[in-house]
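From first to last, the protein sequence lines stand for chains A and B. So the number in our numbering is just where the residue sits in the first sequence, counting from 1, plus 65. So the number in our numbering is just where the residue sits in the second sequence, counting from 1, plus 254.
Take these hints with a grain of salt, some might be off.
Stated by the list, open to error - Here are the computed lysine to aspartate or glutamate pairs in the EDC-like style, where the Cα-Cα straight-line distance is at most 16 Å:
| # | chain 1 | residue 1 | chain 2 | residue 2 |
| --- | --- | --- | --- | --- |
| 1 | A | Lys-173 | B | Asp-292 |
| 2 | B | Lys-294 | B | Asp-339 |
| 3 | A | Lys-136 | A | Glu-121 |
| 4 | A | Lys-165 | B | Asp-284 |
| 5 | B | Lys-306 | B | Glu-278 |
| 6 | B | Lys-295 | B | Asp-339 |
| 7 | A | Lys-107 | B | Asp-292 |
| 8 | A | Lys-165 | B | Glu-307 |
| 9 | A | Lys-133 | A | Asp-118 |
| 10 | A | Lys-165 | B | Glu-312 |
What the hints assert, rightly or not - Quick partial rundown of chain A residues pointing at chain B, CB under 7 Å, derived from the structure:
| # | residue |
| --- | --- |
| 11 | Lys-107 |
| 12 | Pro-109 |
| 13 | Asn-164 |
| 14 | Gly-171 |
| 15 | Lys-177 |
If you are wondering where the hints come from, they were derived from the structure by calculation, not from laboratory data. What you are looking at is a predicted structure, and each value in this text was computed from that prediction instead of being measured. Note that beta-carbon positions come from the ideal geometry of N, C-alpha and C, so glycine has one too.
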Amino acid sequence: QQQVKQSPQSLIVQKGGISIINCAYENTAFDYFPWYQQFPGKGPALLIAIRPDVSEKKEGRFTISFNKSAKQFSLHIMDSQPGDSATYFCAASIRNNFNKFYFGSGTKLNVKP
Amino acid sequence: DTAVSQTPKYLVTQMGNDKSIKCEQNLGHDTMYWYKQDSKKFLKIMFSYNNKELIINETVPNRFSPKSPDKAHLNLHINSLELGDSAVYFCASSQVGRTTYGYTFGSGTRLTVV
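All chains, full assembly: derive it from the sequences and hints.
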């Protein structure tokens with residue numbers, strides 16, 4: 066059973082557009098929600114993360130929106146660029162559980178020039 | 255300079271063989287992990303060691319055996335390889351107990367069993 070559900074599976078966005086990737090979870094014990102970015106042939110790299118005590122976190126063009134009551138969180142990439150083309154993974158974990166992360170199934174983003 | 259390094263990067267082997275993948279981290283982290291990424295890109299945790307002690311052992315065939323000689327190294331040995339073992343295996347490290355935390359992943363080992 067997948068603990069974190071991610072959608073869409075793939076996404077095509079024009080350069081300059083907004084990319085939105087959504088994740089949902091069931092376990093209310095989760096208390097840390099990172100997003101990872103993976104380029105072909107590389108390992109995933111931590112992009113941005115949020116804790117459930119805030120509803121939004123922004124770092125440059127990347128924003129996480131968090132809805133605790135709905136148990137959903139999403140990644141918004143503003144002014145999407147071709148260099149953002151990668152696979153994005155959401156994840157969730159429980160503090161004091163040795164950083165065991167549950168990953169979403171990934172979204173392949175293609176930003177067209 | 256590489257934070258988490260895995261060797262080899264590619265591994266092609268025949269069914270039934272035994273192979274090992276090595277991982278080393280120079281970040282001073284106390285916890286290391288092995289993840290398997292299948293052909294659909296799904297990432298699933300296999301094992302984790304904290305200060306050389308096995309702390310996470312998911313439902314993985316016992317043909318897979320991790321070994322951590324020290325907290326900077328975590329190796330994965332696979333016996334009697336099967337076609338279904340073909341995947342990309344990622345090593346990662348993390349520091350437990352930090353206020354904010356995440357993984358640093360290696361660049362992966364693509365295992366192909368023929």
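Hint check:
1. A:Lys-173 - B:Asp-292: Holds. A:Lys-173 to B:Asp-292 sits at ~15 Å (cutoff 16 Å).
2. B:Lys-294 - B:Asp-339: 14 Å, holds
3. A:Lys-136 - A:Glu-121: 14 Å, holds
4. A:Lys-165 - B:Asp-284: 13 Å, holds
5. B:Lys-306 - B:Glu-278: Answer holds: B:Lys-306 to B:Glu-278 is near 13 Å, not above 16 Å.
6. B:Lys-295 - B:Asp-339: At roughly 14 Å apart (the allowed maximum being 16 Å), B:Asp-339 and B:Lys-295 satisfy the hint.
7. A:Lys-107 - B:Asp-292: At roughly 14 Å apart (the allowed maximum being 16 Å), B:Asp-292 and A:Lys-107 satisfy the hint.
8. A:Lys-165 - B:Glu-307: Between A:Lys-165 and B:Glu-307 the Cα gap is close to 15 Å, so the pair holds against 16 Å.
9. A:Lys-133 - A:Asp-118: Between A:Lys-133 and A:Asp-118 the Cα gap is close to 9 Å, so the pair holds against 16 Å.
10. A:Lys-165 - B:Glu-312: Given that 16 Å is the threshold and the Cα spacing comes to 11 Å, the pair holds.
11. Lys-107: 6 Å, holds
12. Pro-109: Result: holds, 5 Å to nearest chain B Cβ.
13. Asn-164: Status holds, d = 4 Å.
14. Gly-171: 4 Å, holds
15. Lys-177: Cβ of A:Lys-177 sits 21 Å from chain B, so the hint is violated.
Going through the hint list in order, the structure does not satisfy hint 15, though it satisfies all others.
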